[in-house]
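S.K.: Guided by the hints, dock chain R onto chain W, whose structure is given.
Here are the chains, one letter per residue:
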Amino acid sequence: MILTATLGLPMLGALVLAVSRRWTETTARLFAVGVSLLPVLLLAWAWLQFDTQGALFQFVEEVPWVPSLGMAYRLGVDGIALAIATMSALVFAASIAYPINTQNQPRQYYAWMLFLQSVSLGVFLALDLLLFYVFFDLSLVGMFFLIGRWGHGQAQHSAFKFFLYTFCGSLLLLLAFIGLYLSVEPHTFDMRVLIEQQPLAGAGVSAGLIFLALMLGFAIKAPIVPVHTWLPQAHVDAPGPASAVLAGVLLKMGTYGILRIPYSMMGETFARYALIIALFAVVSILYGALVAFGQGNLKRRIAYTSINHMGYTVLGIAVAGALFQDAVYAREMALIGATVEMVAHGLITGALFLICGSFWQRTEEYDLDSYGGLLRQAPLLATFAILASFASLGLPGLAGFVAEFHIFAGTFAVYPWLAVIGVLGILITAALFLQMLQKLFFGAMPQRWAKFDDLRPAEWGVLGVLSASFVIIGIAPQFLLTLIEASATLLVGAR
Amino acid sequence: MPIGDVLPEISLTLGAVIIVLFAAFARQHQHVWAAVLALLTIGLCIGLTFTQWDGPPRLTFSGVWALDGMALSSKLVVLIAGALVIAMSPEWMQTDRRHAEYYALMLFALLGVIMMASASDTMELVVGVLLSSVASYPLAAYHRTWAPALEAGMKYFLMGALTNTLLAIGVVVLFGLTGNTGYPEIAQGLSVGHDSLALTIATASIILGLSFKLAAFPAHAWMPDVAQGSPAPVAAFLTVIPKIGAAVALARFVSLMPPDVAWRAIVALISVTTMTLGNVAALRQTDVRRLLGWSSVSQSGYALMAIVVMGTSDQALPALVFFLASYAIANLAAFAVVTYLRGRTALESYQGLARQAPIATTILIASLLSLVGIPPLIGFFGKLMLFSVTIEGGYAWLAFVAAANTVVSLFYYLRIVARMMFSDTRPTVHVLVGQWARTTMIVSGLLLIVGGLGAEMLMEFTDSIGFVR
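The listed protein sequences correspond, in order, to chains W and R. Residue numbers are given in the numbering used here: position 421 of the first sequence equals residue 421, and the series is strictly consecutive. Residue numbers are given in the numbering used here: position 74 of the second sequence equals residue 74, and the series is strictly consecutive.
Here chain R stands alone, though its shape is the one from the complex:
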């Protein structure tokens, strides 16, 4: 067995196990060391991933596990985003009795997402989706005595149970159709000939299953509740990280489809619906976290644009990863600010914040403008690449719809900005005491600008990535 090919994943698992053991023996005030352990684990995992970078793109473990540019680069994005989430958590979680287990769950969820991105086999995909879901449900409802958190967790769970079942059904039908679970074999089998009704059912079920993790229409409804009700660092995690894995998994899956399946039209339709729905729903929100949840839905719609033109534009996959990375940084920065402000959530309470908390305000504004795509923040380059590949791939109308949606989104982001900047009221501001959340907030804020000015480095990194064939 080529154990070396999954060393990063093994290290992640071991790290999680160590944290669980540590949690059993440590006193509660020592639990913060679990965060350090988790960060060390992620650091190790990132290092091990880099050692795989130079190898040729290949499938390993009997063809179920992909080691290609897409898998590795999205793995890095997931890990870095995970590290940021963990780093913003300790002060928020330290009063919780089960503080240390929280990090173990985070690591398991990360592992699930990584499996989704790397799976080259439908069974592997199911395991990845389930692992990340199962680890995420308790995270969403971590404050179990607080009703909204429970409600969010419940909604997330019910939706997840339904769509995960659909995914399993799709995988089974596909297996019946081709007699295989491995992606290369499935592609092979489908190109020879297929029953189009069965294939439609299988494709629809699998896309639905993944749209749950992506928070795309029609399985997006959990996102606003989770963003609002679950602990702020968990909201940061769930609005960002599963999306990355799901987008890559979806891209990998639809690239298997034979040309007579109109998957481009389907994905384009989902993309348009998702971005429009997310934006329109966000317009009138009076709760910042909920608003960010809806905005996160709309951002999934943008990400899907790159999948639509996959294959017709050679930069589509790099654009996808780049966009996901830029979105991750911006959204994490926004949630880091919310976390730092102790989860301050009503839009009203942001009134006049600029005078009381100038640094947090600046970072929140920068992250919102980055989500809109105002240059020179990193979000601009993400959007630019998306628009560019979409037009190049012959879907100029889709780029136009996305541009129109961007204008709509500017409106609700500006509502937050205006509250903070254009008011003379001086609210009382409570912030998390300690350096974790504050530092994470500043680091992610800096990443927004540094990432924009140094976009070239990231681009070289994602320049030639693709799927292994």
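Next up, chain W with everything else stripped away, as it sits in the complex:
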């Protein structure tokens, strides 16, 4: 019941907001923040109860939905899903609590946010392919309305592009899911059965096509170069909190999907193409970093670093899926790294995009060159921006380092050359973040920002929580690593 409550409470909250006619902005906001915290608490509780020696999937719930199609409402988590879901719930709570101009439609804004929280968590908690697809698609609908209604610039255009582009990916996934469904007897969408039976092992062309469709679908969502082009625009025009959610949570659906479906259900095919996937990942790492370096727009720059970071994650998963029987430990390490990267990126980039939101609310300006010298004017903002940037570039002692260390340590054992090239990405990332900080906070301050306000309590409170979490993961990652390790060991076949 924990997992159903995790999904159900925000959904109920969204419904209540949608029908409550008379609530003021403050009531709606307080209510939404309160409701959005419930999943965090519930998932934390589940985390405490999770048995690291137990079965792969725990807290399983199953209610038949469409039995004649082999579809059911099946929920359950392994350590990886639990870690990502908890991070997602936290990023959502933070984004909802972050103050924003709701353009006189507070109820609608918070209702959509809660709806999106519910369905996004659903993606990570689903144990049924079709249920996964249901939540996956609904998250597009939610994000479409958030960008289109509360975005700025060419918001409608971006919302359209986002929905259409990622919907292409969804439909490829749907076709592939049907392929997987038809490959088992009796036909079922149950992920546990599909993981256990590996139905497409040795199936030749059809396995290859299904694998291609799955990887393309998830690559669009992650996104991996060259199907990333929807991302920068959606990010730039989305409101700050929606950007934080988009980067922190929605991108993870792509990488988590790769891990949960092609990696787990088609191990043999995955191993065959692991090197190609790793190559694409390295291209993403370098391309994302280089293009980010070239951006003069604050939000665009951070958006492109997401492509770079998702590249690390995919590299980790590809390494974990490569067929090197003797390198079990290295592969496990890479898988753990990939998962920690997802969690770390969610928290760090979530914070960075919220900071972007604060900039926009004050100045409606993203051009880096127009800023300068804000360190004195807004010391709190500067502190959090510097902390998050350092975490993002992988400074030891912060969460990003833990992730990247694991990934590259694993990669060195399996694809040493790719690791060498990939590490260059970290170098470029460091340069781009340092340059960004320099342009924002140091040098002479242009006169027009003389009235630039520092963070308000609501803002620094939220950023404080997010920063604390990635600092804690950086300093004492053990609590997270044990949880992930429990599942990673099973998934790479070490236990």
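Just so you know, the hints here were simulated from the structure itself, not pulled from any lab data. Cβ coordinates follow ideal geometry from the N, Cα and C atoms, glycine included. Don't take every hint at face value.
What the hints assert, rightly or not - The following residues of chain W were derived to be distant from chain R, with all beta-carbon distances above 12 Å:
1) 137
2) 193
3) 229
4) 328
5) 426
6) 448
7) 450
8) 460
9) 490
Said to hold, decoys possible - Derived contacts from chain W toward chain R, CB cut-off under 10 Å, selection only:
10) 65
11) 67
12) 101
13) 108
14) 130
15) 144
16) 159
17) 164
18) 167
19) 168
20) 171
21) 174
22) 182
23) 206
24) 209
25) 456
Unchecked claim - For each label pair, taking beta carbons as the anchor points, the in silico distance ranges come out as:
26) R:439 x W:68: 24 to 34 Å
27) W:367 x R:283: 53 to 63 Å
28) W:61 x R:29: 54 to 64 Å
M.R.: Chain R only, in chain W's frame:
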């Protein structure tokens, strides 16, 4: 004569006759009772159909009338859809002098569609197609003083006259070829041996004739005009109901073909052309009703996918009926909203509607998303089953084309959604006063969600249906 086997159809006919008589004597403000009579008739007809449900699949009346799962389930879908259309009409029609006759025509058109779905004889098929066409022409042009309605009716009539003639020619040639009009005998005759040129002509003519009712390429051109110009409830009727009968009739007909006729390739080709054409044409429409008309064309293309894999995938026919039912609900919900909004049609005028008419907007958005196939609305399960049978039947490329088309269709549906949601203008909204249209709109909106969550019930219902052999 086994009169009991056609009791539902007899009740429909009697109901229509009673309404015509009633219309002759009642005053105009009482005409709304004709709607009640029509609904009662349909209710009775549904009840009688249920009593036939448990019987074994069989042919009756000397083999011209099929009583099998396909006929009965599509009959139910047609009747329920017809009831929804009738329930959304009274306020729209009440100022019309001939309000009550409207329902009689509706019942006759329904009867024609049911005959199409149940016909197991080419003559019976022709009668069904003609009956539904003849009753539909006046419906399309019901507002006879309004030029666009006349134009729509005229276009519909000319197209219909041509294709109905072709259908008759096809039937005659087929009769010449096999010496029979009954389906089992035709199948028998064709399997023994045939003149392939004559068979090609006959098949092509009959498929063309049915493509008119299906609004599939190449006889689709009437659909956008009718959707735009005819009264909104009639547009709802014509975009949905004849399609159901025609799809079943087409499936029944092509299943007779001997294996050396490449009917799968032909239907697949029509399917791809229809869905692509419908979608591409809908992209730039600036009129919501016209847009829905084109989208309806593209949906016919999807439905044909199930016919392509008939026989190679055992769930093809259930998928067909399920898809048609899900499409019917979604499209009727969309037109119910348009009706409720007094036929509001220019895309511009939908600007900012979300704030002025939140419930209507929500239902319209839900119906559009259901037409795309966004879960958990009922349209998703329809599409899912279609894709599933198509892939299972070995036509993965067709499923891929349909998926690509679905992405295209998302674009134009979203254009309507964006207009309504992302604008601060506050339009003046006129709605139909009264409860009929409003209630129908809400009921069909609820059906979208309830049908999705309760898809299992519908599936059990259509699970093992097929054609009588």
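S.K.: Go through the numbered hints given earlier and state which of them the structure violates, listing their numbers in rising order.
M.R.: 1, 12, 25, 27
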